[in-house]
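**Student:** One line per chain: the protein sequences are A and L, in this order.
According to my numbering, numbering within the first sequence proceeds without interruption in unit steps and concludes at 467.
According to my numbering, numbering within the second sequence proceeds without interruption in unit steps and concludes at 467.
Treat the hints loosely; a few may be bogus.
Note that the list lumps identical chains together, so a pair holds whenever it fits in one copy or between two copies.
Derived DSSO-like pairs: lysine-lysine, alpha-carbon spacing no greater than 30 Å straight-line [to be verified]:
#  : residue 1 : residue 2
1  : K120      : K155
2  : K45       : K278
3  : K162      : K45
4  : K155      : K19
5  : K423      : K411
6  : K45       : K19
7  : K410      : K120
8  : K416      : K6
9  : K155      : K45
10 : K241      : K45
11 : K14       : K45
12 : K209      : K45
13 : K50       : K217
14 : K154      : K50
15 : K6        : K241
Please keep in mind that the hints were generated in silico from the structure rather than gathered at the bench.
Next come the chains, spelled out residue by residue.
Number of protein chains: 2
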Amino acid sequence: MFNKEVYENRRKALISKMCAAAAEGQRGLAIFIGNVDAPAQYKDNCYKFRQDSTWLYFWGLDNPGYAAIIDLDNGVEIIYADDIEIGDIIWMGPQPSVSSLAASVGVDRSAPSDAFGKAVSEAIAHGRRIHFVPASRYYNVLKLRELGLDDKKPSVDLIKAIISLRLIKEPCEIAQLDDACNLGYEMHTVARNNVRIGILEQEIVGKMDGMTLGKGWGVSFPTILSQHGETLHNHLHDKIVEPGKLMVIDAGCENNMHYPSDHTRTLPTSGKFTSKQRDIYQIVCDCNNYAFSQTRPGVAYRDVHIKTMRMMLERLSALDIVRGDIDSMVEIGIAGLFQPHGLGHAIGLDVHDMEDYGENFVGYDEDQTRSSQLGLGSLRMARRLVPGNVISDEPGIYFIPALIELWKKEGTDKGFVNYAKLEEYYDFGGIRLEDDVLVTSDGARRLGDQRLPIEPDEVEEAMKR
Amino acid sequence: MFNKEVYENRRKALISKMCAAAAEGQRGLAIFIGNVDAPAQYKDNCYKFRQDSTWLYFWGLDNPGYAAIIDLDNGVEIIYADDIEIGDIIWMGPQPSVSSLAASVGVDRSAPSDAFGKAVSEAIAHGRRIHFVPASRYYNVLKLRELGLDDKKPSVDLIKAIISLRLIKEPCEIAQLDDACNLGYEMHTVARNNVRIGILEQEIVGKMDGMTLGKGWGVSFPTILSQHGETLHNHLHDKIVEPGKLMVIDAGCENNMHYPSDHTRTLPTSGKFTSKQRDIYQIVCDCNNYAFSQTRPGVAYRDVHIKTMRMMLERLSALDIVRGDIDSMVEIGIAGLFQPHGLGHAIGLDVHDMEDYGENFVGYDEDQTRSSQLGLGSLRMARRLVPGNVISDEPGIYFIPALIELWKKEGTDKGFVNYAKLEEYYDFGGIRLEDDVLVTSDGARRLGDQRLPIEPDEVEEAMKR
Numbered sequence: 003m004f005n006k007e008v009y010e011n012r013r014k015a016l017i018s019k020m021c022a023a024a025a026e027g028q029r030g031l032a033i034f035i036g037n038v039d040a041p042a043q044y045k046d047n048c049y050k051f052r053q054d055s056t057w058l059y060f061w062g063l064d065n066p067g068y069a070a071i072i073d074l075d076n077g078v079e080i081i082y083a084d085d086i087e088i089g090d091i092i093w094m095g096p097q098p099s100v101s102s103l104a105a106s107v108g109v110d111r112s113a114p115s116d117a118f119g120k121a122v123s124e125a126i127a128h129g130r131r132i133h134f135v136p137a138s139r140y141y142n143v144l145k146l147r148e149l150g151l152d153d154k155k156p157s158v159d160l161i162k163a164i165i166s167l168r169l170i171k172e173p174c175e176i177a178q179l180d181d182a183c184n185l186g187y188e189m190h191t192v193a194r195n196n197v198r199i200g201i202l203e204q205e206i207v208g209k210m211d212g213m214t215l216g217k218g219w220g221v222s223f224p225t226i227l228s229q230h231g232e233t234l235h236n237h238l239h240d241k242i243v244e245p246g247k248l249m250v251i252d253a254g255c256e257n258n259m260h261y262p263s264d265h266t267r268t269l270p271t272s273g274k275f276t277s278k279q280r281d282i283y284q285i286v287c288d289c290n291n292y293a294f295s296q297t298r299p300g301v302a303y304r305d306v307h308i309k310t311m312r313m314m315l316e317r318l319s320a321l322d323i324v325r326g327d328i329d330s331m332v333e334i335g336i337a338g339l340f341q342p343h344g345l346g347h348a349i350g351l352d353v354h355d356m357e358d359y360g361e362n363f364v365g366y367d368e369d370q371t372r373s374s375q376l377g378l379g380s381l382r383m384a385r386r387l388v389p390g391n392v393i394s395d396e397p398g399i400y401f402i403p404a405l406i407e408l409w410k411k412e413g414t415d416k417g418f419v420n421y422a423k424l425e426e427y428y429d430f431g432g433i434r435l436e437d438d439v440l441v442t443s444d445g446a447r448r449l450g451d452q453r454l455p456i457e458p459d460e461v462e463e464a465m466k467r
Numbered sequence: 003m004f005n006k007e008v009y010e011n012r013r014k015a016l017i018s019k020m021c022a023a024a025a026e027g028q029r030g031l032a033i034f035i036g037n038v039d040a041p042a043q044y045k046d047n048c049y050k051f052r053q054d055s056t057w058l059y060f061w062g063l064d065n066p067g068y069a070a071i072i073d074l075d076n077g078v079e080i081i082y083a084d085d086i087e088i089g090d091i092i093w094m095g096p097q098p099s100v101s102s103l104a105a106s107v108g109v110d111r112s113a114p115s116d117a118f119g120k121a122v123s124e125a126i127a128h129g130r131r132i133h134f135v136p137a138s139r140y141y142n143v144l145k146l147r148e149l150g151l152d153d154k155k156p157s158v159d160l161i162k163a164i165i166s167l168r169l170i171k172e173p174c175e176i177a178q179l180d181d182a183c184n185l186g187y188e189m190h191t192v193a194r195n196n197v198r199i200g201i202l203e204q205e206i207v208g209k210m211d212g213m214t215l216g217k218g219w220g221v222s223f224p225t226i227l228s229q230h231g232e233t234l235h236n237h238l239h240d241k242i243v244e245p246g247k248l249m250v251i252d253a254g255c256e257n258n259m260h261y262p263s264d265h266t267r268t269l270p271t272s273g274k275f276t277s278k279q280r281d282i283y284q285i286v287c288d289c290n291n292y293a294f295s296q297t298r299p300g301v302a303y304r305d306v307h308i309k310t311m312r313m314m315l316e317r318l319s320a321l322d323i324v325r326g327d328i329d330s331m332v333e334i335g336i337a338g339l340f341q342p343h344g345l346g347h348a349i350g351l352d353v354h355d356m357e358d359y360g361e362n363f364v365g366y367d368e369d370q371t372r373s374s375q376l377g378l379g380s381l382r383m384a385r386r387l388v389p390g391n392v393i394s395d396e397p398g399i400y401f402i403p404a405l406i407e408l409w410k411k412e413g414t415d416k417g418f419v420n421y422a423k424l425e426e427y428y429d430f431g432g433i434r435l436e437d438d439v440l441v442t443s444d445g446a447r448r449l450g451d452q453r454l455p456i457e458p459d460e461v462e463e464a465m466k467r
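Chain A on its own, in the form it takes in the complex:
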């Protein structure tokens, strides 16, 4: 945990924002429901506990079954949880009291769990507003319904206030993100050192994920490791590593403070790229570097996405994969055929930060409208950047036969795509290269002490054993 002042200051800032949004006496309660253990099988066999990120941000305590209320009309903060009993001591050992844990994050009032529901019911009976965030877990949906609240109607005021705080990382958070990215560097090094023709993909994943459990909380999202990179989120690892393939590894480590890394590298399974692979790889690599060079305060990341896609199309044009006027291609979104996802997303306590609060609230300024184009429409972070933003920079090129056939059939490309040439790439797979970037006062820096090898020569050198 951070010092208690960190949490006190965040709650003060939140209260201040919420108070600005409504008159005194009209503000109501902001309620926070921490996570409970999530059953993997039966109720007592659970997945590794992961606390809710907003809970961690404001209340710090990494224990299941906690809740809290801030009374926005008088500033009173109360944490709700139950102290353990003798039966629990046998199973769980002696535990600090709820009140001492509350005090450790600067909260001087605590109460048993059942008082939480009573306090909310009473406030509802008095016609007070109840502010809550969207429920990500099914437990929270149930809990909100049991409290008599409509889980489909979270508080937009609270969502916006939280997003405005969490999007700008404090120095103590940046230190954690650097730490997580150092673990991510190690995780990808483990991956690279274990790619060997003939072994099962799952064995590499086991070594990577084991490392994250040994040094951090675990993976920050399910590891993607695939010789079919054209399948963007492939979570199966049941293939044997074959020679001559490209292996996309999109994987991150969550450290013990729950800050994540999120890096993607694409490795030639044989240790050397073919020249065809290298041509495409170099485009993606250059797009990654170009996007980073464009990242600084005041620039809209939407524009960085679009400029990067322009560069990608120019380079694909040089390979005769697309043909014609680049401006027109950018305009109608031809790049989406090759990169059907956005350039990046915000990163914080959630690896896609606050995704369930609404991607547009998180990633779009109020005057920005989300595109409906394939690719640009999936861009999660479009905002004008400010110092303290942390984002991913992850261009990719994929050759997805089903998607190419669909565009061809429906004429989506308006004649800009050279389908005859594209056929040569049906078995190519895909490439993605991703770094994690902090927006600084005058530019940007990549998080972590060292950058993972990314230039094709560097990658081939690193794979020599």
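Position chain L relative to chain A; hints supplied.
**Tutor:** The following block gives chain L in isolation, referenced to the frame of chain A:
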């Protein structure tokens, strides 16, 4: 997956049992809700998918978002799920159709997901019975409520029918359990080879859990690895390994077919037991072997528990930790102070098999009543054993200061406990030794090819590096 005949036969057996429980036309529907992905953070960042065990048992398909209905009045079986669309193909790659997956487990009818709710609603409207099992996951609670069913009122007929089938393992399941126990052997070997003074417990756990992910689905339950074995379910691994401690490691691997292992070993962190440690360790080791020797068809495991506790008390009496008449001590349950848990539980697709269906339904014959004594009251498997049962054999001795003080204060021990002697053990910790046992036609055998080192000399030898 197993051959489709395995699933067809299981469903046939289930239908036959359910038909015996009610007259034709009165039987209604048995509904099965497979698991969905469980969010760890936001909805698209989920824990590794774990299918529901009863779903796996009858329907085999290891995919999220599936449901099924058996119409018990006409034997019709339908699997419900949605085929993927082009947008999903980009993210997930081409996938087999629902109808082809259904056919692979012997089901010739399938329908889209929304037809499931309609079929259930229609049956309810016609006053037909809807049989369902208890919901373990919050999603299933929500789903049952949305279907208009009371999640608190599962079908006892269906529960009993499923338990009667799943408690007796088929040869194909025994092969899987042997395989899982071989992985469990490897997991504990990794643990033993990595215990080193000065390292963080978490590092050992990372290596163990990484191995399970590399060769199987992952851990069959959260790994317990603790130098405070007296805390029975300690999931924190934040301590440095210290010399002279006892480390309890209760951990298992789930293989890719979702069959688990569940072994406990207790290691001296320095590689050698002190003589005080060895005295207690030998008692637990002998209790484990004795319990195994008593395990065979026709014997109630409750009696094996009680006889093993008698042996434990005799041996503790020889150390002057308890004093007096052994029969009386057994009668009033003095062993519960040292082993406040049961001797074992059923093992199957769930590592505590079907625990959420009701421990008494799973573990007690109809004429057996559960004890209220500490220890015996926690016994999960009391039944008269039959060939095909798979159970754990896990005696333990723990010195739990909070519990000892409570017994002393309340006189629970009726004078049989020598508290003066016990004080010498307040910093001892605990010991548990657990194997997985199959009841055979004429006795029992431990699952897996090799038994993990268990005799104190064997353990010390194995720890020499």
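**Student:** Next step is simple, just say for each hint if it's right about the structure.
**Tutor:** Evaluated hints:
1. K120 - K155: Both. Shortest intra-copy (21 Å) and inter-copy (26 Å) distances satisfy the 30 Å Cα cut-off.
2. K45 - K278: neither (51 Å within a copy, 38 Å between copies)
3. K162 - K45: between (34 Å within a copy, 19 Å between copies)
4. K155 - K19: Answer is within; shortest intra-copy Cα gap is 20 Å, inter-copy 46 Å.
5. K423 - K411: Answer is within; shortest intra-copy Cα gap is 16 Å, inter-copy 85 Å.
6. K45 - K19: Between copies only: 27 Å across chains, 39 Å inside a chain, cut-off 30 Å.
7. K410 - K120: Neither, since 60 Å and 38 Å both go past 30 Å.
8. K416 - K6: neither (58 Å within a copy, 48 Å between copies)
9. K155 - K45: Both ways: K155 and K45 sit 29 Å apart in one copy and 17 Å across, limit 30 Å.
10. K241 - K45: between (33 Å within a copy, 27 Å between copies)
11. K14 - K45: So K14 and K45 pass the 30 Å test across copies only (29 Å; inside, 37 Å).
12. K209 - K45: The answer is both: 29 Å in one copy and 26 Å across copies each meet 30 Å.
13. K50 - K217: both (15 Å within a copy, 19 Å between copies)
14. K154 - K50: both (27 Å within a copy, 26 Å between copies)
15. K6 - K241: Between copies only: 23 Å across, 48 Å inside.
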